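Enquirer: One-letter residues, chain by chain:
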Amino acid sequence: MTAHHGCAVLLVEAMGVDAADQSRMVEDAWLDTASALAASPGRPLRASLLGAVVRRLPVAGNLGGDTAEFEELAAGRFFCPPDDRWAGWWNISVPLWPADWSAGRDQVLNALWRLPKSQRLLLVLRDAARLPANEVTEMVGLVPEAQAPLLDVARQAYVQYLDEEFQADIERMPTDRRQEDGGGR
Amino acid sequence: MSALGLSCEVVFDLTGAWYDDELSENDQNAFEQHLLLCPPCLAYSDRLRRALGALAEATTVAMPAELVERLVLREHSPSHSGLDESGPGQRRQGKMRIIGNGPRQ
Numbered sequence: 001m002t003a004h005h006g007c008a009v010l011l012v013e014a015m016g017v018d019a020a021d022q023s024r025m026v027e028d029a030w031l032d033t034a035s036a037l038a039a040s041p042g043r044p045l046r047a048s049l050l051g052a053v054v055r056r057l058p059v060a061g062n063l064g065g066d067t068a069e070f071e072e073l074a075a076g077r078f079f080c081p082p083d084d085r086w087a088g089w090w091n092i093s094v095p096l097w098p099a100d101w102s103a104g105r106d107q108v109l110n111a112l113w114r115l116p117k118s119q120r121l122l123l124v125l126r127d128a129a130r131l132p133a134n135e136v137t138e139m140v141g142l143v144p145e146a147q148a149p150l151l152d153v154a155r156q157a158y159v160q161y162l163d164e165e166f167q168a169d170i171e172r173m174p175t176d177r178r179q180e181d182g183g184g185r
Numbered sequence: 001m002s003a004l005g006l007s008c009e010v011v012f013d014l015t016g017a018w019y020d021d022e023l024s025e026n027d028q029n030a031f032e033q034h035l036l037l038c039p040p041c042l043a044y045s046d047r048l049r050r051a052l053g054a055l056a057e058a059t060t061v062a063m064p065a066e067l068v069e070r071l072v073l074r075e076h077s078p079s080h081s082g083l084d085e086s087g088p089g090q091r092r093q094g095k096m097r098i099i100g101n102g103p104r105q
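Listed in order, the protein sequences are those of chains Z and C.
Using my numbering, read the first sequence as starting at 1 and increasing by one per residue.
Using my numbering, read the second sequence as starting at 1 and increasing by one per residue.
Pulled out of the complex, with its shape left as it was, chain C reads as follows (with noise of 0.2 Å):
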C-alpha cells in the first residue's frame, strides 16, 4: 500500500486500527504519509486521539470514602472471613484484602 494509493475513506476506515497500533509497518507507512498529505484525514486522526483521551479522562471519579469503609467492613466481617467466634456486628482486626492501600489508621 502507498500514501498516494490511499483514498481519504480508506485512511478513515484504517484510523482504529492505526490508533491501536495494529496496522502492519508497511500500511503505518503509508497511513502516517497520507496524514502529511491530506490536512483533512490528519485532523481526523488527531481529533481521534484526543476524543478516545477524553473518554479516558471521564473515567477520573472519585471512590466514596463510605463505599471503600463498607466494602473493608464487609471484607472483615465474621461472616466473610469465616470464623465464629465473634459475634455478629463486631470487625475483626487485620490487614485489608480487597481495598489495596490497607485500613486506615
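Bound conformation, chain Z alone (with noise of 0.2 Å):
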C-alpha cells in the first residue's frame, strides 16, 4: 500500500501538480481506486491507483513527439562528429559517480523537471512504478513500440540532468574533498 502511495506521490510532484493540490489528486485517486476495485476486484492496485492519477493530469493523452530536442543535443555534445576520426567515440569525460554519493530524492526531482512533462511521465510509471508496458499504453495510449525511443531519451537526459545535480554536490564540496571524488572534469 504505502509502495503503490508513494508512486501516486512522486507522480503528482513530478508533473508539476501545485503542492496546495497534490494531496487531494493523490487521495482522489484512491477513492477512485476503491470505487473502480469494488467493481472490478482483479486489477492490479498500483496500475489502478496511476491510472486514476494520470487522469486527471492535463498531459493525459498526450504523450509522444518532443524527443528531437535531447537527441540532438546529446548526439552534439556527447559522441565526436562523424566527420571525426573519432566518430561516434565520447566528446566529453564520463567518470563515475563515487560509490558513497547517491542522489537525495530533491535531486531526483530537480533533474525529473527539466524534462518534457511526457518523458517525466513515462519515466514515473515505467521506471519508478514499475509498470509493465502495456498497463502503459492504458493509461496514456501510447503503444509499448513508441514507448520504447521516448523512455530512452527520457533516461539519458535525466541521467544528464541527475548528473548536473552531482556535480553541484561537489562543488559545494571543500576542496580537498573534491579532488577526492572527481570532480575536475
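Bear in mind the hints are in silico, worked out from the structure with no lab data behind them.
A quick note: this is a predicted structure, and the numbers were derived from the prediction, not measured.
Each residue gets a CB set at the ideal place from its N, CA and C atoms; glycine is no exception.
Careful, some of the hints might be misleading.
A few chain Z residues facing chain C, derived, Cβ under 7 Å [stated by the list, open to error]:
| no. | residue |
| --- | --- |
| 1 | 90 |
| 2 | 103 |
| 3 | 106 |
| 4 | 108 |
Two chains, each in its own frame: build the complex with the hints.
Expert: What follows is the structure, given as C-alpha cells:
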C-alpha cells in the first residue's frame, strides 16, 4: 500500500501539480481506485491508482513527440561528430560517480522537472513504479513500440540532469574532498 | 555484433535495453565486453543503473494515517456497502478489503 502511495505522490510531484493540490489529487485517486476495485477486484492496485492519477493530469493522452531536442543535444555534445576520426566515441569525460554518492529525493525531482512532462510521466510510470508497457499503454494511449524510444531519451536526459546535480554537490564540497571525489572534469 | 564493432554511441543507445535485460545473448556479450574496454561507457551504464535506482527510491513516502482511515471509513460506510439498515455516518464493523492489513485494533 505504502509503496503504491509513494508512486502516486512522486507522480504528482514530478508532474508539477501545485503543492496545495497534491494531497487532494492523490486522495481522490485512492477513492476512485477503491470504487473501481469494488466493481472489478482483479485489476492490479498500483496500475489502478496511478491510472486514476493520470486521468487527473492535463498531460494525459498527450504523450509522444518532443524527443528530438534532447537527441540532437546528446548527439552534438556527447560523441565525436561523423567527420572526426573518433566518430561515435565519447567527446566528453564520463567519470564514475563515487560509490558513496547517491542522489537525494530533491535531486531526483530537480532532474525530473527539467524533462518535458510527457517524458516525466513515462519515466515515473515505467521506471519508478515499474509498470509494464501494456499497463502504461492503457493509461496514456501510447503503444509499447512507441514508448521505447521516448523512454530511452527520457532516461538519457534524466541521467544527464542528475549528473549536473552531482556536479553541484561536488562544487559545494570543500576543495580537498572535491579532488578525491572526481569533480575535476 | 562484437565488442570492437560497437561504437560508444551505439552502446549509449543500447544501455536502456541492457538495463531492461532485453538484449539478445550475443548483443549482451558484446555490450558487456565493450564496457570492460571502455571506462566512459562503464561509467555511463553505472550512472544509468544508479539514477534509475534513485528514482525508485524516491517513491518511499509514508501513507498518511488520516488517508488510510478515510479509505477504511468510506469502504465500510453504508453507501458503499450496499447496506441500508444502518443510518448515515455509522460505521459497519468488518474486515477492511481495500487496505490490505485489516483495520487497526
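Enquirer: Could you work out which of the previously given hints the structure breaks and list their numbers from low to high?
Expert: Structure breaks hint 3 only.
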